[in-house]
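Asker: Here are the chains, one letter per residue:
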Amino acid sequence: MESQQTLVNATDRMQLGIETSTLEGRNKVLGFWVFLGGECALFASLFAIYLTLHGQTLHGPTAKELFNLPLIGLATLFLLTSSLTGVLGINAMHRGNRRSLLRWLGVTVLLGLAFLAVQVIEFITYAHEGFGFSTSPFSCAFYALVGFHGGHVAFGVMWISTLMLQLKKEGITARKAPKVFIASLYWHFVDVVWVFIFTVVYLMGIMGV
Amino acid sequence: MAKPLEEVMRHPVHTVVTPEKRFWLLDYLSTVDHKKIGQMYVLVGVFYLIVGGLQALLMRVQLFSPDNHFVSYQLFNQLFTMHGTNMIFFAAMPLIFGLMNLIVPLQIGARDVAFPFMNAVSLWFTFVGALLVNISWFFGDAPSAGWFAYAPIGLNQFSPGHGMDFFIIGLQIAGFGSLMGAINFIATILNMRAPGMTLLRMPLFTWTSLVASGLILFAFPPLTVGLFLYMFDRLFGSHFFDAAMGGNPVLWAHLFWIFGHPEVYIVVLPAFGMISEVVATFSRKRLFGYTSMVFATVLIGFIGFMVWIHHMFTVGFGAMANSIFAIATMLIGIPTGIKVFNWLFTMWGGQIRFKTPMMFALGFLPTFVLGGITGVMLSAAPADYQYHDSYFVVAHFHYVLIGGVLFGFFAGLYYWFPKVTGRLMHEGLGHLNFWFMFIGFHLTFFPMHLAGLYGMPRRVPTYNAGVGLEIWNQLSTIGAFVMAVSIVLFAVNVAYAFIRGKKAGNDPWDARTLEWTIPSPVPEYNFAQRPLVRGLDPLWMAKEEGKATVPPAEPLGPIHMPSNSYLPLVMAVGLFIAGLAVIYHRLFFTVLGLEILALAMLYHSLNDDEGYHVLPEEQPLAKGEGA
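Protein chains in written order, with my numbering: chain A, 16 to 224; chain B, 257 to 883.
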């Protein structure tokens with residue numbers, strides 16, 4: 016019994032490092048962390064622009080009049096939960112459990128789609144309330160920042176979906192594991208950006224800061 | 257002897273597929289080999305260097321005499337815009353990426369870069385980006401708002417044609433390429449060094465490439481964002497930079513210079529690295545103060561992000577902001593000074609050989625120091641109110657960018673040409689090339705200091721007679737043509753090397769670093785056996801111990817290589833179509849172009865490249881040098 020346990024642990028450990036078990040995988044993981052550094056600079060610029068321009072509402076609606084916090088809260092719930100399911104997926108990958116990995120990735124994708132659906136509803140509502148892309152510098156900066164983030168979520172959904180196809184076909188291999196791992200890194204990053212958007216755009220907007 | 261097939265069996269991930277032989281042009285179009293990609297980068301860079309140079313010559317002809325009408329004023333605006341854009345984005349950037357591609361993997365004992373496929377994508381994005389900006393001439397009008405494209409002058413109201421759209425979209429595409437290139441080199445340098453090559457044993461050129469890649473990583477995203485917003489403003493009716501609609505034109509200036517100032521260090525740091533290699537090799541001495549050189553490089557990269565306001569002193573941010581950025585700017589003089597003194601002390605007591613690369617390095621030193629001194633002058637904010645927008649500034653940044661970057665590149669090109677092509681260039685022609693460039697350069701740009709101090713503003717298509725500006729402008733124009741002769745001499749020298757050049761051998765300069773341990777030109781797998789590094793300048797260490805070369809770190813064996821692919825080219829073509837279509841608001845073709853890009857990415861993701869193996873029998877080098 017005990018020896019069997021050690022054996023399981025040994026395979027566990029082998030799987031644990033599967034995304035960095037080849038040079039190709041190590042390059043991918045490192046390169047992707049580096050890329051996320053660049054993404055930080057990208058979103059930092061967008062936040063700076065938003066903070067510069069969000070007071071310029073011209074004749075259009077202001078943040079206080081516009082934002083519907085319960086709806087945004089729902090979107091936040093979807094996206095934050097999807098990070099958790101992403102982690103559970105990576106956990107399953109490390110255990111070598113393809114079925115569980117696919118299931119958790121599937122839930123992640125669905126939550127991502129739910130987030131996008133809420134965002135589409137939100138944007139359509141705003142458009143009906145006279146808050147289009149070119150209404151005011153505030154609206155431009157809002158749609159640029161939140162839209163860039165939404166674009167990132169949409170790309171992540173497509174990316175993880177294609178990875179699921181590959182995993183279904185070939186299983187968890189030293190080739191596929193780094194791809195799944197960096198997609199999860201990306202997903203967490205997009206999630207963290209949303210935490211900042213929620214705070215800076217929505218909460219501060221509601222409070223009229 | 258290694259048993260190749262058994263060896264291959266130990267790599268269960270890969271299979272043996274022998275690549276088909278391709279026609280050379282098709283081979284280059286589909287290559288993922290960092291050396292061929294590097295060659296193409298250098299070709300792109302030299303091509304746009306010539307284009308930008310011709311544009312400069314036209315401007316100099318226009319300014320030769322007062323009240324001249326050689327070119328129209330609008331054409332003059334287009335010329336200085338395209339000159340600046342071409343020289344920075346499509347000459348300097350491809351040249352640094354070219355030399356990084358050609359040399360960095362060799363210097364760290366790697367067989368390739370971390371992401372060979374993405375490397376090809378970077379190249380082709382840069383290529384189509386440059387093409388898109390430059391074909392604007394044939395679509396009616398070239399951009400004319402300066403390479404910094406200040407708002408509102410670059411917005412629809414004052415630049416109604418499509419020229420600025422080509423500029424924005426082209427730079428965006430090329431910028432994606434640069435960003436991917438930077439990620440690639442950071443991963444390569446951190447992950448793929450030969451056994452024993454610790455960070456503080458890396459050659460200086462590798463170090464400066466690493467720091468420059470870090471700068472690209474953090475400097476390009478603000479430009480990406482700025483260009484996106486610019487595109488929205490021009491093409492989709494938003495108001496980010498339009499003051500009349502409540503937007504903020506200074507925002508663009510910030511985004512541009514947050515990118516633009518680090519950009520100067522992005523291009524000059526690798527040039528510093530090349531100078532360091534050349535000075536050490538041709539003085540036959542270890543680089544003086546190696547560790548301080550590394551720290552100076554990192555420090556320059558770090559402070560380089562905190563000085564961008566010095567381009568905007570006259571915007572009026574007030575004394576506090578200007579003082580902080582003035583002091584930060586002056587601080588950069590310290591690590592740069594450390595570098596200059598280290599180069600001097602490397603030569604001190606060395607056995608200096610005046611080969612062509614060394615001549616360029618020696619020409620670099622006083623020229624760059626002059627550019628640095630005028631830089632410190634300009635960094636004093638109150639004084640800058642006087643110098644601002646005058647030819648004094650033009651003189652300053654050409655001393656830095658030609659005296660620093662171009663002289664550095666020429667030192668590097670002459671130094672590594674034999675490694676890349678296997679042929680030696682002609683020394684006499686090389687010296688002639690150097691002297692024409694050195695004299696032509698100072699004749700062109702030294703008088704500009706004086707023209708600026710006498711009050712000549714930048715970017716003006718002409719000037720009045722009788723205010724004392726003629727003589728300086730005439731000297732500058734003559735100098736510009738002398739420089740043009742030096743470029744022709746360089747071309748002649750390259751042609752000479754290919755027709756009559758002597759075979760270079762592994763180590764024509766009696767050099768110090770790993771790239772000189774392997775044959776010239778370099779075989780596709782670079783190193784038959786990866787080298788074992790035991791210190792800085794491993795080849796020199798081996799020579800001092802009386803050995804022919806650096807000891808190997810592994811037995812001979814099959815070498816895994818990535819396969820060629822046309823997908824990077826297809827992706828770039830897709831993006832080119834989308835870029836051109838979005839300028840003319842053609843939704844169908846925009847979507848089509850982006851779909852080509854997306855499908856190519858999807859195809860690449862779904863089809864893993866198995867690659868192929870080069871077996872020891874196919875490694876000509878391995879036979880001669882078997883362990």
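Take these hints with a grain of salt, some might be off.
[Stated by the list, open to error] Pairwise CB distance ranges, derived in the manner of DEER restraints:
1) M576/B <-> N83/A: 35 to 45 Å
2) L89/A <-> Q642/B: 50 to 60 Å
3) G223/A <-> G572/B: 44 to 54 Å
[As the list claims (entries may be wrong)] When the alpha-carbon atoms are kept at most 25 Å apart in a straight line, the in silico SDA-like pairs for lysine to any residue are as follows:
4) K184/A <-> E866/B
5) K183/A <-> M219/A
6) K183/A <-> G606/B
7) K611/B <-> I743/B
8) K79/A <-> M501/B
9) K183/A <-> N863/B
10) K183/A <-> K803/B
11) K184/A <-> M857/B
12) K184/A <-> Y859/B
13) K79/A <-> G502/B
14) K79/A <-> G52/A
15) K184/A <-> Y868/B
16) K184/A <-> P638/B
17) K184/A <-> H860/B
18) K803/B <-> G606/B
19) K184/A <-> L858/B
20) K277/B <-> P811/B
21) K183/A <-> V307/B
22) K277/B <-> I743/B
23) K183/A <-> L858/B
24) K183/A <-> M501/B
25) K183/A <-> Y859/B
26) K184/A <-> D864/B
Keep in mind that the hints were calculated from the coordinates and are not lab data. Quantities reported herein were computed from a predicted structural model and do not represent experimental measurements. C-beta: ideal position from N, C-alpha, C; glycine also.
Asker: Evaluate each hint against the coordinates.
Answerer: Verification of the supplied hints:
1. M576/B <-> N83/A: 35 to 45 Å: For N83/A against M576/B, whose Cβ atoms are near 41 Å apart, the range 35 to 45 Å holds.
2. L89/A <-> Q642/B: 50 to 60 Å: holds (59 Å)
3. G223/A <-> G572/B: 44 to 54 Å: violated (29 Å)
4. K184/A <-> E866/B: holds (17 Å)
5. K183/A <-> M219/A: Since the Cα atoms of K183/A and M219/A sit roughly 44 Å apart, the hinted pair is violated (cutoff 25 Å).
6. K183/A <-> G606/B: Not satisfied, since the Cα-Cα distance of roughly 64 Å exceeds 25 Å.
7. K611/B <-> I743/B: Satisfied, since the Cα-Cα distance of roughly 18 Å is no more than 25 Å.
8. K79/A <-> M501/B: Measuring from Cα to Cα gives roughly 21 Å; hence the hint holds.
9. K183/A <-> N863/B: Status holds; Cα separation ~14 Å.
10. K183/A <-> K803/B: violated (54 Å)
11. K184/A <-> M857/B: It holds: about 18 Å lies between the C-alpha atoms, which stays within 25 Å.
12. K184/A <-> Y859/B: With a Cα-Cα distance of about 15 Å, the restraint between K184/A and Y859/B holds, given a limit of 25 Å.
13. K79/A <-> G502/B: holds (19 Å)
14. K79/A <-> G52/A: violated (33 Å)
15. K184/A <-> Y868/B: holds (23 Å)
16. K184/A <-> P638/B: violated (67 Å)
17. K184/A <-> H860/B: Between K184/A and H860/B the Cα gap is close to 16 Å, so the pair holds against 25 Å.
18. K803/B <-> G606/B: Roughly 22 Å between the alpha carbons, so the hint for K803/B and G606/B holds.
19. K184/A <-> L858/B: Judged against 25 Å, a Cα distance of about 15 Å means the pair holds.
20. K277/B <-> P811/B: Violated: K277/B and P811/B sit about 28 Å apart, past 25 Å.
21. K183/A <-> V307/B: violated (52 Å)
22. K277/B <-> I743/B: violated (36 Å)
23. K183/A <-> L858/B: holds (16 Å)
24. K183/A <-> M501/B: violated (52 Å)
25. K183/A <-> Y859/B: holds (17 Å)
26. K184/A <-> D864/B: holds (13 Å)
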